[in-house]
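Student: Using my numbering, read the sequence shown as starting at -19 and increasing by one per residue.
Hints in this document: simulated from the structure, not taken from any laboratory. C-beta: ideal position from N, C-alpha, C; glycine also. There's no promise every hint is true.
Here are the simulated BS3-like pairs of lysine-lysine, each with C-alpha atoms no more than 25 Å apart in a straight line [as the list claims (entries may be wrong)]:
#	residue 1	residue 2
1	LYS803	LYS748
2	LYS803	LYS766
3	LYS100	LYS310
4	LYS568	LYS675
5	LYS492	LYS803
6	LYS492	LYS568
7	LYS131	LYS409
The calculated label-pair distances, taken between Cβ atoms and stated as ranges, are [said to hold, decoys possible]:
#	residue 1	residue 2	range
8	GLU192	TYR729	52 to 58 Å
9	ASP35	THR746	46 to 52 Å
10	GLY660	VAL404	52 to 58 Å
11	SER722	SER197	56 to 62 Å
12	ALA205	PHE(-3)	51 to 57 Å
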Amino acid sequence: MAGLTDLEGLTPPEHLFTWVDVDDHLTALAAADRWPEWLRAADGWWDGLELVVSDGTEAEAAKHWLDEAFGTGSTEWHDGTLMLRLDDPRTPDFTGIPVILSPEPESSDQPRRLPLLREKHITPQLAHALERPSTERFPGDVQILAFHSFKGGVGRTVHAVAMADTIARRGGRVLLVDSDLEAPGITWMHKAQGGQLDFSYEDLLALLQGSEDGGWSAAVEIAAAYLPNQQVGRFASGGRVTVVPTSRREHLGPPRIEPADLLTPGRSPYFLTEALAALAARTGADTVVVDLRAGASELSAPVLLDPRVQRVFVTTLSHQSLEGTKTLLKQLGRRAPALRGTDPASSVIVTQYRQDVHEAQAEQARAELSSALLSSLRPPDGSTETDPDDTGEVDADVLSQPLLSPFREELLALPSSWDAVLRVLESCKVSEVLESIVPAPASSPLPDADGDQEHVDYSTLRKRLAETAQPLIYAERKGMSSASGFLATDPLRRLLGDHRTEPPLALVVGAKGAGKTFMYAKACAARTWNAFAEQSGVKDVRLALPVVPVLESDNLENDDLTTQDLRDAFAATHSAPTGEAGTSQQIKDRLRKGLSTLDAGDDIGWRQLWLECLAIAAGAPLTGELDAESALTELSKRSRAVFVMDGLEDLLQSLDTEVKRTALRVLLIDVLAWLRSLRGRPLGLVVFVRRDLVKRAVRQNSEQLLARYEPYALRWNKEEALRLALWVTAHADALPTAMAESDIAELSYDALVNALIPVWGWKMGTEKSKEARSHLWVPAALGDFKDQVQARDVVVFLAEAARQSIPQTTWEDRVLVPSAMRKALLECSTIKISAIQDESQEIGDLLSRLQQVREPVTVPFSLAEVGLEVADADFLVESGVFARGNDGRYWVAEIYRHGLGFGSERRAKVLWRR
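Let's have the full structure, built from the sequences with the hints guiding it.
Tutor: Following this line, the structure appears as structure tokens:
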């Protein structure tokens, strides 16, 4: 409750013309929790304002508060009556309405609140959300989706119809209700199709309003007798759509019965939505899709204000539409917020924009709408928003992402009939826009192929996954083993496919943990370039060239085959009779000597030294008469090979000297250029190197260099992270139904998502829960602000989630249990922070400083709170660890936040964009 002076942020209204303005301002103050303790209720009339006050309240206290609330000089005493001033330019004299103070009645029960945009009673209760429904689910476990728009003509009805059709194509049974009582759209489509109009939404409202017992049973039974005649479309999946048109009337006019008329005493405040769910259940439907009246209309309010309804808002980029949508979302957040994990989250679809013209505006709108969406989502009761172990930030991010539905000319002038409209929607692929908000499938998405559901021992599958994933965390250590398989990613397939007939001269760039050393080891284990291609599933690679390792990572562990074996085998077969391959240690010692003897400006000297390393690895003899260039030239006349190089960070560390930077720059540019100059390109070289080292070594035009080799860069985007998760599970033989590892690389995104359902379920809860989709949650949890996911983090996550899922016995529809997945994120974050020094010393040093901040930190935060300089923050932004908000404060990616021990306000990230 507010004190007498606690009215900051709510300025007095500029004009008070009538009691209506007085009522509105008192309502705003109540909703903002700015009423004093003594004010219990307020009611305005054309001839006065009644304030219900607690016992002992003095009239002067009321006068003083009204002056603060409505502006100094707003009240005066006239003939012993307290008056509140109204604006009347016709006279300089005081004009106003009397203020009557009424004592609070002994029975201080609060009046019943109803799900309407304008509540009848103005009380302190307006500062709180409406009372939640008595049950968490609708009758028959029916799901209700309501499509609303602040403005008309934005594509709301089109997307509602597309949603109904999408659900039915997946086997769902949909009741599609046209509840736009003033401007129906679906009704006209149904009429043009020649559909039956036996029963309408208006009929249902009238039957419910006139029900003798106050219930819905009679209305539902009558409707159920006619609705089967109003089915539309044909669905091979067994799904169906039943249309409930707005009205059977031929003439246009306002409705006789409105939804608010059903909210009578003795009935549930959510009587209408519960009746719709009961009607769906009675007719065998599992989902209700409602097309609502546009605008801030009470015709839509009883449906919009039920938090169990999945509310979908449709808007264009026009200012009026966006602002209205954001305002309505924020009002819903105050009046009827969705309880995360219990209620379905609201969604927004941005429509009718051109991608080539409005991309920037669409992204800005998306950020602003995300903030509004998150304001309509409330964390579960009892959760602590600033708890660093709370993973709700990931859920909030996933659940508050608006959808983009770009402009399509075909949608500007839709045909009249149902079937014709659906053909247009299918050609425009509108259903793809809705993918992430389509309700859970009506039936299991992966039925047993033989129709017989065999018992699955999930405990065994979890053990297999944990035991297989754990050693894969540092897979490069065992990469030389021919027994361990690997996932051929798109960058690897491009590298091999682009060099079917010509040796590669390329950089493979990626962060530590992206799989560089693992790919290097697999190339060595294959022994030849074409064998490496064959193992990767890339066909028609003709180069049977030996793979010759030059440098390797200190983390690489040799099994039956060593890198020295490969060097020796090449030297014995292809080098001069006196040639003998040098060892890795000899090559490193030669380079270390160069770091201490060569100048930072000696590019030629460094090129010569790197070429000497290649010659030594190949066993090409270096003599006083035969320098490295000559030795390699002679070698290239009789032999061809692909040199591979890794472990540069072990040798050069963090490039802390100019000499080291020169050494790496010459390797990445000059050495590759020299090899490229050899006639016929007989010698190839693939350098596996960290991206941050490239950028530090090549200070000018580093982006051009990186762009040249971008197709081969090891960037694990969200889709590839999902693919890796499936591959690891299949490799562990931990899928309920076995899948060939070689098939995984070819799966489409949709097929990939479906294949992962047995791994972690459709959602981070039961199939029909209101939790985030699992395939969206995992990449969001493990990714950084550059939308990149480290391969190692995926494997750590799988290992830890599987380990924690083993004792779980209540989940028998998936391998990984939601609670275990959430705990695994915390472990992943802790491991990532502890290992960050090896990945990047600069990032590691900055994160260490953040860990040492003594005061509790909650994101978003200012730099002053954590003791960082702007340059430090910019570096972390560039690295994907931080993101800067529009307000100048900073966010931390979830994969880092938990390990740092930072809490979160759990509000949308409205990020600053250049």
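Student: Now look at each hint and say whether the structure bears it out.
Tutor: Results of checking the hints against the structure:
1. LYS803 x LYS748: Judged against 25 Å, a Cα distance of about 22 Å means the pair holds.
2. LYS803 x LYS766: 24 Å, holds
3. LYS100 x LYS310: 20 Å, holds
4. LYS568 x LYS675: Roughly 23 Å between the alpha carbons, so the hint for LYS568 and LYS675 holds.
5. LYS492 x LYS803: Holds, at about 24 Å.
6. LYS492 x LYS568: OK: LYS492 and LYS568 at ~21 Å, within 25 Å.
7. LYS131 x LYS409: 24 Å, holds
8. GLU192 x TYR729: 52 to 58 Å: Between GLU192 and TYR729, where Cβ atoms are some 54 Å apart, the hint holds.
9. ASP35 x THR746: 46 to 52 Å: Cβ of ASP35 to Cβ of THR746: about 51 Å, so the range 46 to 52 Å holds.
10. GLY660 x VAL404: 52 to 58 Å: 56 Å, holds
11. SER722 x SER197: 56 to 62 Å: 58 Å, holds
12. ALA205 x PHE(-3): 51 to 57 Å: 53 Å, holds
The structure shown violates none of the earlier numbered hints.
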